[in-house]
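Chemist: The primary structure of each chain is shown beneath.
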Amino acid sequence: MFGLNAKDTRLLIIVAILTMLAPFILNPFPEGSAMAQFNAGYPDLMQRFVIFGIFAIGFNILFGLTGYLSFGHAAFLGVGSYAAIWMMKLLTMNVIPAIVMGVIVAGLFALVVGYISLRRSGIYFSILTLAFAQMSFALAYSVLTPITGGETGLQPKVLDPRILDGPLAEGATPKANLFGLTMSSSYEMQVGGWLFTFNVGYYIAAIVMLVAFYLAIRLFRSPFGMMLRAVKSNQQRMNYTGLNAKPYTLAAFVISGMYAGLAGGLLVAMDTQVGPERMFWTASGEVVLMTILGGAGTLIGPVLGAGAIKYMENILSKINSDILHTWFAFLPDGLEDLVVTLIYPFIGKGWHLTLGIIFMLVVIFLPGGLVEGGQRIAAWFRGRKAKGSDKDASGTTTEPAE
Amino acid sequence: MGILEVKNVNKRFGGLKALSEVNLSIKENTVHAIIGPNGAGKSTLLNCLVGKLIPDTGSVMFDGQSVLGRAPYEINQMGISRVFQTPEIFGDLSVMENMMIPCFAKRDGYFELNAYGSIGSQKDILERAMHMLEEMNMADKRDMHAASLSRGDKRRLEIGMCLSQEPRLLLLDEPTAGMARADTNNTIDLLKQISEERDITIAIIEHDMHVVFSLAQRITVLAQGTPLVEDSPENIKGNPKVREAYLGESA
Ligand SMILES: Nc1ncnc2c1ncn2[C@@H]1O[C@H](COP(=O)(O)OP(=O)(O)OP(=O)(O)O)[C@@H](O)[C@H]1O
Ligand SMILES: [Mg+2]
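First to last, the sequence lines map onto chains A and B. Sequential numbering from 1 applies to the first sequence in the working numbering. Sequential numbering from 1 applies to the second sequence in the working numbering.
Read the hints as simulated data drawn from the structure, not as lab findings. These numbers come from a predicted model, not from an experiment. Note that beta-carbon positions come from the ideal geometry of N, C-alpha and C, so glycine has one too. Be aware that one or more of the hints could be misleading.
Covered stretches of chain B (in silico footprint by chain A; criterion: 3 or more residues with CB under 8 Å from a CB of chain A, positions within the stretch not fixed) [unchecked claim]:
1. 10-24
2. 75-81
3. 92-103
4. 186-199
With the hints as extra help, turn the sequences into a complete structure.
Modeler: In structure tokens form, the structure reads like this:
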């Protein structure tokens, strides 16, 4: 179906179902219960799941297929965001021109950065991309203030020209919308103790993510995708086989830059503001972590990695010592304090510590990321079903890209 | 006029004269061996033919066109394919994919952005690659990881990949170095078959005299960066100068 083989079609359909039902799936705990803390089904976080999923899918096209590790991809996300917000200031609050312009400008910027950075490979390539991103950050922060709003960043103002929109009603603020449907509007559904939120912005971002995911699957299975794997495998052989590796890697770089721009444009569509911190090097590092954590070079891995990291960032970081004390109140006082003291460094602001440990464990024990973990579990179950008839068959199967 | 004409080529590495005044002419549809002691400059000469190195002076003409200053991929597109001393294949890809890549390069040129169509719909490429695998007796290994092939099979695959491009000149740098006797004999048979069945010129660098005398129709002996003699295998065997410079030690 859709020009994909059966396995890829199944993956796409599963991802589509999960994203469409996310408001239910991510809110398993009733409102007000102790576990409600772990609910992730609120619009802001769900939007981040799919948008950073797009960012990581695009990053994986470059890193997963060609092996070129860019350490400056947040620059493309940031540039896409700035382009999008300018569309909202000058043209219209409709999100379509904003998102489209975000993709185009990020693509052009990636063409320039890629053309220069791809003169080197390995660590030198990574450093060059990092240098570009930090320059972009510094410029956005200072010299380019007239375009970027400097430290305070940009948001749509009442007095912006917006030549395609009619004048705003008295006292109204500009709101991002799709032909009048505002991104922030939601429909809430109360079922017993549960509250489910269906947000317009989330569903638009989710549909864009599904399209982006579909296109990435096509790319992985295309002759171009195979050439990118050839670049990673043996550039020497490629050159002596009449192929020029340079335009292949540059095209991959630009495409992944466009995915980043798409994510940047969507971020603006959901939350109409941009600041330079979006381009800081830690943001570039985050997408590297997402991709490796989920499984570089796999189809679904980057999306899983993005979800895992955004979940920790938003959920773990909100747990504080008061919440811990209520959880462990059933323990004797002295023991309660001890347990809380032991867990405390890993939550709240300490969520980075948890992320770091999980990342290390994954890299050491599951080099293929969460996807490899999933495959091992699946293989283990299959092995159990086969009742040890062929023990060594399980676990040794390595699927190149699931 | 040969298909490959090397004229007055010089190449220095710092103070070392790796090639001096090399002249070489390779006739179309022959197997031409280049032999010589270690450090004679054989690999350097070959690298000058494929764009890896640029000679300091002199000219290299392939089929009437200069190859100098062109990138390796351009020279390959002109019709020169190269087999490396250690097989260079795409280890992370399957055997079938390895064979498809040169087929794409032959059909689409050095770059083609087809990121939407599926590989499965490329019927002509699939057919061609499969045909080549059959010819190499590797059809049963089509889904194997290329890195997991035996040394001999990697060499077979690499030669097959080169042949699938229908090159007019095939260059081999010590194709049997480090191979077991059986693999060496297989490679000899394969190359013999190729040279008999196809319109192809083969230039081979080799230390193994068994390989050289089984295959070559012409032999050039290189010593200290200069061609000593060029002759038929029979005459080379009997040439005292060659014996002294080279065969003396190893024969
Ligand atoms: N890139 C290089 N830089 C410096 N010197 C080099 C370089 N490549 C080769 N040489 C030197 O040039 C000379 C010729 O080397 P070359 O590799 O062409 O010899 P060869 O005939 O292929 O020898 P072998 O039979 O050992 O492969 C040697 O002395 C070698 O050390
Ligand atoms: Mg050599």
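Chemist: Now tell me if each hint is right for this structure.
Modeler: Structure-based check of each hint:
1. Under the rule that three or more residues need a Cβ within less than 8 Å of chain A, the assignment of the segment 10-24 of chain B is violated, with 0 such residues.
2. With 3 residues bearing a CB less than 8 Å from a CB of chain A, the segment 75-81 of chain B meets the requirement of three and the coverage assertion stands.
3. With 6 residues having a Cβ less than 8 Å from any Cβ of chain A, the segment 92-103 of chain B passes the three-residue criterion, so the hint holds.
4. Residue count for the segment 186-199 of chain B with a Cβ under 8 Å from a Cβ of chain A: 0. That is fewer than the three needed, and the coverage hint is violated.
This entry does not satisfy hints 1, 4, going by the numbered hints stated previously.
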